[in-house]
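Protein chains: 2
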Amino acid sequence: MREVYAIGSAMTSFSRLEYPLSEIAAYPAMFAMQDAGISKIDHLYVANMGGGRVNGQTGLASAVVDSLSLTPAGAETIENGPASGASALKQGWMAVASGLHDVVMVIGAERMREVNNLEATDFVATLTHPLAEYIYGVTLPSLAGMFTRLYMEKYGVTARHLAMVAVKNHGNACLNPFAHLHQPITVEGIIDSPEAMTNNPFVADPLRFFDCCPVSDGGACVILASAETAKKLGKPMIRLAGVGQATDTHCVHERAEPTDLLAVRGAARQAFKMAGVKPSDVDVAELHDAFTILEIVESEEVGFFKKGEGHLALERGDTALTGKLPINTSGGLKGKGHPVGATGVGQAHEIILQLRGDAGKRQVKNAKIGFTCNFGGFGNNVVCLTFIREK
Amino acid sequence: MREVYAIGSAMTSFSRLEYPLSEIAAYPAMFAMQDAGISKIDHLYVANMGGGRVNGQTGLASAVVDSLSLTPAGAETIENGPASGASALKQGWMAVASGLHDVVMVIGAERMREVNNLEATDFVATLTHPLAEYIYGVTLPSLAGMFTRLYMEKYGVTARHLAMVAVKNHGNACLNPFAHLHQPITVEGIIDSPEAMTNNPFVADPLRFFDCCPVSDGGACVILASAETAKKLGKPMIRLAGVGQATDTHCVHERAEPTDLLAVRGAARQAFKMAGVKPSDVDVAELHDAFTILEIVESEEVGFFKKGEGHLALERGDTALTGKLPINTSGGLKGKGHPVGATGVGQAHEIILQLRGDAGKRQVKNAKIGFTCNFGGFGNNVVCLTFIREK
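For the protein sequence lines, the chains are R and U, in the order given.
Count along the first sequence from 1, then add 344; that gives the number in the numbering used here.
Count along the second sequence from 1, then add 344; that gives the number in the numbering used here.
Keep in mind the hints are simulated off the structure, nothing from the lab.
Do not rely on the hints blindly, as some may be mistaken.
Note: identical chains are not told apart, hence a pair may lie in one copy or across any two.
[Said to hold, decoys possible] Here are the computed lysine-lysine pairs in the DSSO-like style, where the Cα-Cα straight-line distance is at most 30 Å:
| id | residue 1 | residue 2 |
| --- | --- | --- |
| 1 | Lys617 | Lys576 |
| 2 | Lys498 | Lys384 |
| 3 | Lys617 | Lys575 |
| 4 | Lys668 | Lys384 |
| 5 | Lys575 | Lys498 |
| 6 | Lys651 | Lys575 |
| 7 | Lys384 | Lys705 |
| 8 | Lys651 | Lys712 |
| 9 | Lys705 | Lys575 |
| 10 | Lys384 | Lys617 |
| 11 | Lys576 | Lys498 |
| 12 | Lys650 | Lys712 |
| 13 | Lys384 | Lys622 |
| 14 | Lys651 | Lys617 |
| 15 | Lys735 | Lys498 |
| 16 | Lys384 | Lys735 |
Keep in mind that this is a model prediction, so the values were computed, not measured.
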């Protein structure tokens with residue numbers, strides 16, 4: 345297997361974007377090519393979830409490869425729900441590692457503004473089991489609400505801990521010009537004050553408005569290449585060193601212990617093993633905080649903290665920008681936004697910036713090893729990536 | 345790069361199926377596992393085009409990997425329009441060739457019966473350019489109609505040649521118990537008789553009803569593995585020896601010469617080169633005859649016949665079951681059916697049967713080298729595969 349490097353990277357703002365889906369995909373790709381200093385690729389992957397249903401467009405990758413004038417390079421659309429982005433990066437990794445292709449572009453793109461928030465929730469709920477979940481009105485927020493209640497009872501997580509995740513990630517997002525939300529919040533403002541019930545109503549008890557990520561449009565692009573090509577370009581050598589993926593039961597209620605996220609655990613273990621590093625080696629991580637509880641639980645399942653102790657690490661400030669292991673420096677899904685198919689590529693973009701030392705006001709000092717966890721379904725298909733900055 | 349072998353293969357009937365999309369995907373997978381003699385895989389790809397839009401189901405691969413009890417294997421859905429199936433086989437090839445995975449399952453599945461034929465045509469038209477084609481009412485049959493007219497004028501193809509493709513492929517389909525249409529037709533019956541205008545009305549002049557493939561439901565599965573694993577299983581050694589892919593302009597009208605299918609040409613050239621064989625070495629081929637004209641044109645562009653002479657080879661009977669190079673022995677999309685995302689995997693299944701000598705009444709004698717062409721969009725993203733039977 346050949347080693348694989350990230351040679352270019354870019355993203356649009358994650359926000360509400362006016363332009364069509366294929367342009368949301370194409371714009372970051374143009375910037376990433378500029379960043380890499382290349383004008384030609386061998387293959388394209390586009391991660392997207394809603395093109396067919398939300399935007400009435402299929403064959404998105406074929407459209408994008410042409411609008412970027414990159415034909416005759418092959419192109420596919422990759423869908424793995426909210427983990428589509430990291431899944432596409434995994435395909436890109438394989439394409440280069442196998443030796444079939446030398447330069448592979450991976451785009452994630454989503455345009456959600458065609459639908460309102462209720463329709464968006466219904467759309468994302470098409471990820472659940474059609475006959476055992478969806479038909480009973482299950483949505484991702486409702487699953488997350490039940491999951492959070494169990495977690496609170498079992499491990500002593502409180503509404504205050506959840507709020508602390510939101511406050512931290514909104515704070516980080518304020519330092520990220522490409523984030524969807526530039527809105528500093530405080531624990532007092534969102535749960536302790538008399539106005540909190542109005543400012544921050546329940547969405548799926550115990551989850552409130554500020555526990556849920558926004559519905560965003562956005563695109564991101566990472567270009568991967570062989571070591572030989574990466575060296576020629578003279579860019580910092582950021583290696584995609586570990587790729588892990590695991591699945592779990594489609595229905596959440598079929599899991600022996602629903603508070604365990606076994607797919608996160610399995611995917612992370614593989615991504616660390618392949619890279620030859622330990623969770624404690626990681627300098628900066630992007631976790632999939634579609635709901636605040638998920639950042640806490642994933643920080644445990646990937647091995648950063650003991651099971652049931654993620655909220656304690658959060659309390660200690662370990663995961664703050666200035667902590668021992670900053671998590672979601674980009675603002676995370678909570679603050680940066682969650683354009684579903686683009687999220688995993690956006691996570692990788694943040695890690696690449698951090699490892700290059702290009703993260704501006706939210707730069708983590710001397711970051712050399714970065715990690716991402718991209719969470720599909722309600723934890724039924726998870727992809728983790730480990731990035732290492734080489735000399 | 346490691347060599348990659350097809351160790352198991354199966355399909356459902358391509359027809360109108362009662363069961364849900366995830367089961368259309370799961371059933372052939374169970375038979376393919378039985379065929380291979382395995383009960384465990386490392387990774388799953390599901391090729392599908394309409395899950396989100398037509399069936400209201402996303403994250404299909406995550407659903408299928410669980411319904412087959414194959415968790416924690418990773419899983420992705422691959423979409424490349426009507427070429428999704430061969431695109432997924434390409435991903436499977438890379439996963440094994442790279443050494444990342446050893447046994448990879450590739451499923452193609454589509455359930456179209458949620459929509460009527462008009463809605464199906466509209467759905468497939470979401471492949472066209474949203475602002476330069478779709479919005480003006482362009483559909484795949486209308487593009488194919490205009491393309492056919494040009495081809496007739498330029499190369500002397502007649503309505504009779506088109507009918508001969510349909511007659512041949514309906515005949516082959518009658519020998520395939522898994523084909524959608526078991527309806528023998530004659531050139532006289534569909535174009536020469538007084539009843540022809542009623543039996544076979546125009547769909548998009550010059551294309552008539554019998555020039556267009558049916559709208560089918562169906563699933564197919566091919567399991568790929570390394571040489572080491574394939575040898576252990578003691579199955580015939582069918583190597584996926586060549587993988588080629590190329591794209592062309594999204595809009596058909598932007599092509600310098602619209603009667604040239606450059607993506608077919610490019611993909612085929614790669615698939616032959618990688619396999620180290622020539623077009624004239626091929627014993628049996630499945631081409632993407634969504635419209636009868638396409639079989640003729642692809643038979644030229646992949647290199648079987650000179651440009652503009654495919655219809656002459658057809659006239660001579662070269663592409664008949666008993667000819668020098670039988671094409672679409674399965675019945676093709678025309679006779680076997682075209683469950684969009686499943687088609688490419690179904691093509692591979694036919695070639696695997698032929699190379700194993702398991703094709704029953706439609707067996708091509710001593711078939712050792714097989715070829716498939718899976719055509720996405722209106723030729724904007726094409727994937728070709730070469731299979732070789734080893735001793």
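Now for the hints, and whether the structure bears them out:
{"no.": "1", "hint": "Lys617 with Lys576", "verdict": "both (28 Å within a copy, 28 Å between copies)"}
{"no.": "2", "hint": "Lys498 with Lys384", "verdict": "neither (53 Å within a copy, 34 Å between copies)"}
{"no.": "3", "hint": "Lys617 with Lys575", "verdict": "both (25 Å within a copy, 29 Å between copies)"}
{"no.": "4", "hint": "Lys668 with Lys384", "verdict": "neither (40 Å within a copy, 40 Å between copies)"}
{"no.": "5", "hint": "Lys575 with Lys498", "verdict": "neither (50 Å within a copy, 50 Å between copies)"}
{"no.": "6", "hint": "Lys651 with Lys575", "verdict": "neither (40 Å within a copy, 43 Å between copies)"}
{"no.": "7", "hint": "Lys384 with Lys705", "verdict": "neither (32 Å within a copy, 48 Å between copies)"}
{"no.": "8", "hint": "Lys651 with Lys712", "verdict": "within (25 Å within a copy, 56 Å between copies)"}
{"no.": "9", "hint": "Lys705 with Lys575", "verdict": "within (28 Å within a copy, 56 Å between copies)"}
{"no.": "10", "hint": "Lys384 with Lys617", "verdict": "between (33 Å within a copy, 22 Å between copies)"}
{"no.": "11", "hint": "Lys576 with Lys498", "verdict": "neither (53 Å within a copy, 47 Å between copies)"}
{"no.": "12", "hint": "Lys650 with Lys712", "verdict": "within (23 Å within a copy, 56 Å between copies)"}
{"no.": "13", "hint": "Lys384 with Lys622", "verdict": "between (36 Å within a copy, 28 Å between copies)"}
{"no.": "14", "hint": "Lys651 with Lys617", "verdict": "within (20 Å within a copy, 52 Å between copies)"}
{"no.": "15", "hint": "Lys735 with Lys498", "verdict": "neither (44 Å within a copy, 60 Å between copies)"}
{"no.": "16", "hint": "Lys384 with Lys735", "verdict": "within (26 Å within a copy, 40 Å between copies)"}
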